[in-house]
Amino acid sequence: MLVEFEQIQKAQAGDDVAFNQVVAAYRKRILGTIARLIGRPEDVEDVAQEVFLRLYYSLDQLRTPEVFEPWLYRLTVNASYDYLRKQRRRNEARMSDLSEQQVMMADASAGGKASSEADRQKQVKDLVDSLLSSVSEQDRILLTLKEVEGLSLKELEKIYSVNENALKVRLFRARQRVLNVYETSKKRTGKSGQNKSQLE
Amino acid sequence: MNRSGDQLTQLFAQFKAAVPDPDPSANFMPELWRKIESRQNVLIRMKKLTQVFVATAAAICILLAAMSLPRSASTELRGSYVDVLAESHPAENLAAMGIIPHEGFEANRK
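Chain order of the listed sequences is A and B. Those letters in the first sequence? Residues 1 to 200, by the numbering used here. Those letters in the second sequence? Residues 1 to 110, by the numbering used here.
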């Protein structure tokens, strides 16, 4: 816990100073999680503010301060999911499969050929973002929380309020889907690479 | 796990490093409080609207009740319960049904 239980209880009782302290303690972590969940840096603050806005209006529903963190994660997951759904509606035409260029760039980055660290990071970011767009918003969030954020199955169980086995099955299927897209794109890139080298 | 699986795991780890936790802007907290207050205003407005709606509904109910009152009052003014009963059951009918003796009824008529 990044704050004392007492502070959460004060915030629950309507103490705005305590609420500010809770937000200040968690905002960086929440901003990071949202940045990796939604993949749009320009909208990260908006979504984070929505999370804390929901927190402000539902804090009185929190029964025990012990479950505060999973509960805050649940609010984060819900706000990110709402954002991704709206985004999908706005941008239905977005490609779900990877462009050859992205895979080639990622391969180059893995081989240390990227021009700079910033370029390499951008390539990794674009590649993972494209891979995750091949699954549903729910699976994208679940997979990111597990694989990127490193949350344990026990923590996910508390956030989603479902049993571990159901989560395992869902995670396995989502990962398989992403892996298939990754392998297919790699094969395609390999073939086009061979063709290019033959032409040269 | 196969080679692609390992690569994917590695890619996810690289992704976390590529997207570090961003620092909140200086405007983060003021903007958050502005949003909280604007939502509060919406809630207050909705509460007021609900109150107006409930008050209007109550006024309409009272008005309808008041409009129906004179009609029921006029029936009450027509007489006592026994008078109303006698009016609705004329003596001919009662005599025909054998509730009162027929002779008494005829004598009364004369």
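Keep in mind that the hints were calculated from the coordinates and are not lab data. Among these hints, one or two may not hold up.
As the list claims (entries may be wrong) - List of simulated lysine-lysine pairs, BS3-like, C-alpha gap at most 25 Å:
1. A/Lys28 - B/Lys48
2. B/Lys35 - B/Lys48
3. B/Lys48 - A/Lys154
4. A/Lys125 - A/Lys186
5. A/Lys86 - B/Lys35
6. A/Lys28 - A/Lys186
7. B/Lys35 - A/Lys28
Bear in mind that the values here come from a model prediction, so they are computed numbers and not experimental data.
Evaluation of the provided hints:
About 37 Å separates the Cα atoms of A/Lys28 and B/Lys48, which puts this hinted pair outside 25 Å; it is violated. Using a Cα cut-off of 25 Å, the hinted pair B/Lys35 and B/Lys48 holds, with the two alpha carbons roughly 20 Å apart. Distance restraint check for B/Lys48 and A/Lys154: the Cα-Cα separation of roughly 45 Å exceeds the 25 Å cut-off, and the hinted pair is therefore not satisfied. Annotation: proposed proximity of A/Lys125 to A/Lys186 holds, straight-line Cα distance about 17 Å (limit 25 Å).
Annotation: proposed proximity of A/Lys86 to B/Lys35 holds, straight-line Cα distance about 20 Å (limit 25 Å). A distance of roughly 35 Å separates the Cα atoms of A/Lys28 and A/Lys186; the hinted pair therefore is violated under the 25 Å criterion. The suggested pairing of B/Lys35 with A/Lys28 holds, with an alpha-carbon distance near 19 Å, which does not exceed 25 Å.
The structure fails to meet hints 1, 3, 6 from the earlier list, while all remaining hints are met.
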